[in-house]
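Chain B is fixed; fit chain F onto it per the hints.
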Amino acid sequence: MSAATAASNLIIEKLNKSYQTKNGEVNALRGIDLAIQEGEFVAIIGSSGCGKSTLLRIIAGLENGYSGAVKIGGRRIAGPGLDRGMVFQEHRLIPWLTVQQNVAFGLNGMDPGPRDTVVREHLELVGLAGFAKAFPHQLSGGMSQRVAIARSLVNNPQLLLLDEPFGALDALTRIQLQQEILRIWEAERTTMVLVTHDIDEAIFLGDRVVIMSNRPGTIRKIVQVHLPRPRDRSSYDFVQIRKEIYAEFFAEAEKPFAYAI
Amino acid sequence: MAHDSAQGPPKIQRLLQYTGLSVAIIGVWQALFHLGYLNPVLLPPPSRIALTFRDLLLSGDLPRHIGISIVRVLEGFGIATVLGLGLGTAIGLSRTLDRWTDLIIQVVKPIPPIAWIPLAILWFGIGEQSKVYIIFLGAFFPIIISTIDGIRQTDQKFVEVARILAVPRFKFVRQVVLPGALPAIMTGLRVGLMVAWMCVVAAELIAASSGIGYLIMDARQLSQSDVVLVGMISIGVVGKLMDSLIKLLEKRLISWKVAFAGN
Chain B
1 MSAATAASNL IIEKLNKSYQ TKNGEVNALR GIDLAIQEGE FVAIIGSSGC GKSTLLRIIA
61 GLENGYSGAV KIGGRRIAGP GLDRGMVFQE HRLIPWLTVQ QNVAFGLNGM DPGPRDTVVR
121 EHLELVGLAG FAKAFPHQLS GGMSQRVAIA RSLVNNPQLL LLDEPFGALD ALTRIQLQQE
181 ILRIWEAERT TMVLVTHDID EAIFLGDRVV IMSNRPGTIR KIVQVHLPRP RDRSSYDFVQ
241 IRKEIYAEFF AEAEKPFAYA I
Chain F
262 MAHDSAQGPP KIQRLLQYTG LSVAIIGVWQ ALFHLGYLNP VLLPPPSRIA LTFRDLLLSG
322 DLPRHIGISI VRVLEGFGIA TVLGLGLGTA IGLSRTLDRW TDLIIQVVKP IPPIAWIPLA
382 ILWFGIGEQS KVYIIFLGAF FPIIISTIDG IRQTDQKFVE VARILAVPRF KFVRQVVLPG
442 ALPAIMTGLR VGLMVAWMCV VAAELIAASS GIGYLIMDAR QLSQSDVVLV GMISIGVVGK
502 LMDSLIKLLE KRLISWKVAF AGN
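Residue numbers (the working numbering), protein chains in the order written: chain B, 1 to 261; chain F, 262 to 524.
Bound conformation, chain B alone:
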């Protein structure tokens, strides 16, 4: 492993996070150990409330008050930074800014000329070059999420955190955007950490699928996906992996469904 590769690794060690509620302390995450390589695509899967989003928010630097360590390139993270981008479940575009202005929102201290070029390149990357002047309310859900992806990439983050980014989209749009994010990953080679509750999505995209258990959130199992891309969701190997993951959630289930939870 070269020094440069080691420098951009994400390492999570003995991570614990708990919340205080009226009914006492709730363990959101317990004993999370995970190392993610540069350029890797890791999918984290778990049922709702398992703390997977909390894990992502900690990596992003949005959450404090945890024990253990989260390091990037050997350095502990202290708050958000431009080395990490994030796409949320809701697109979170600012309604009174145009698509162009929304993407430029993340570009600070740049002259207008170069800035416009970066914005245009990223809108082309997500296939929305013709919508620069549109407002968010004029876009469909899938298009809005594409703009959000473009916005998250303008600073060329080493690490892109995806928090159920396609969860609110219809099935067809979701598949389109999964292919899109795969294309972007292959083109940009950004390390990606995707949180999802969709087993197919996790297998389709991830080099590894991290399965989390509920309350407290722990890593139950990590499944390697050694399948060439683009992956065929109906291939024998794909279906076998799906069965394996499915069994983790529904140990006593009679027969697995094609689409999960």
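Since the hints were derived computationally from the structure, they do not count as laboratory data. One thing to keep in mind: the hints can contain errors.
To be verified - Computed Cβ-Cβ distance ranges for the label pairs, DEER-style:
#1 168(B) with 414(F): 20 to 26 Å
#2 20(B) with 372(F): 37 to 43 Å
#3 512(F) with 19(B): 41 to 47 Å
Said to hold, decoys possible - Covered stretches of chain B, going by a simulated chain F footprint (3 or more residues, C-beta under 8 Å):
#4 74-87
#5 100-108
A quick note: this is a predicted structure, and the numbers were derived from the prediction, not measured. Glycine residues also receive a C-beta, built at the ideal position from the N, C-alpha and C atoms.
Just chain F now, kept in the frame of chain B:
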């Protein structure tokens, strides 16, 4: 689903809906007079009011008094807008400043501007300053309160996006906080303007030698109920026009908002 403003009923029908009720009330009012139900000294008919309106318009009395009141409103409202927006923004952005100012704002706010009139006259005399001061007090609180509220309503989700993207504070305030607060601010301005009109008339009723409030008070002493009504209706029409201007401004500034417009 609500109709888009571009769709809905045709133009003529909409004009009818817009003016129908007013025209009907005037019609009934006039009819009641002709049927002998109204004492014209207590409530003169619309036709009589129209004639008085014409006379006051041609003599220049009405334009003069209305003009004086408009200038007072604009002065007081203008100062209230500048200070209300400025202080409101500062307080909205700073928890510390909020703690310093909250008690005094909450205590002074419920005092009706009219209750300030005696002090205002003692301090500023019965000239322009006392009226502008009363109007300022009336308009200031709706504007500052809605500005603070509007800023406080900034979506936490956008705050997170800005943190992730390391957006500088000034840019965040300019591009996210203030535009987001704009609908609330515009509502505050409209309420403030309405209160400003109440205040100018109240101030002029009590101590003035000009303005629309004085015109009404003077006419009352002479039992000229038609002049009183002309004054009242003039205030209503001018207030409505000013409100429309703010609404127009609002529409241009907040074109991104797809609001529910009734159905």
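Hint check:
no.	hint	result
1	168(B) with 414(F): 20 to 26 Å	holds, 23 Å
2	20(B) with 372(F): 37 to 43 Å	holds, 42 Å
3	512(F) with 19(B): 41 to 47 Å	holds, 44 Å
4	74-87	holds (count 7)
5	100-108	holds (count 4)
This entry satisfies every hint, going by the numbered hints stated previously.
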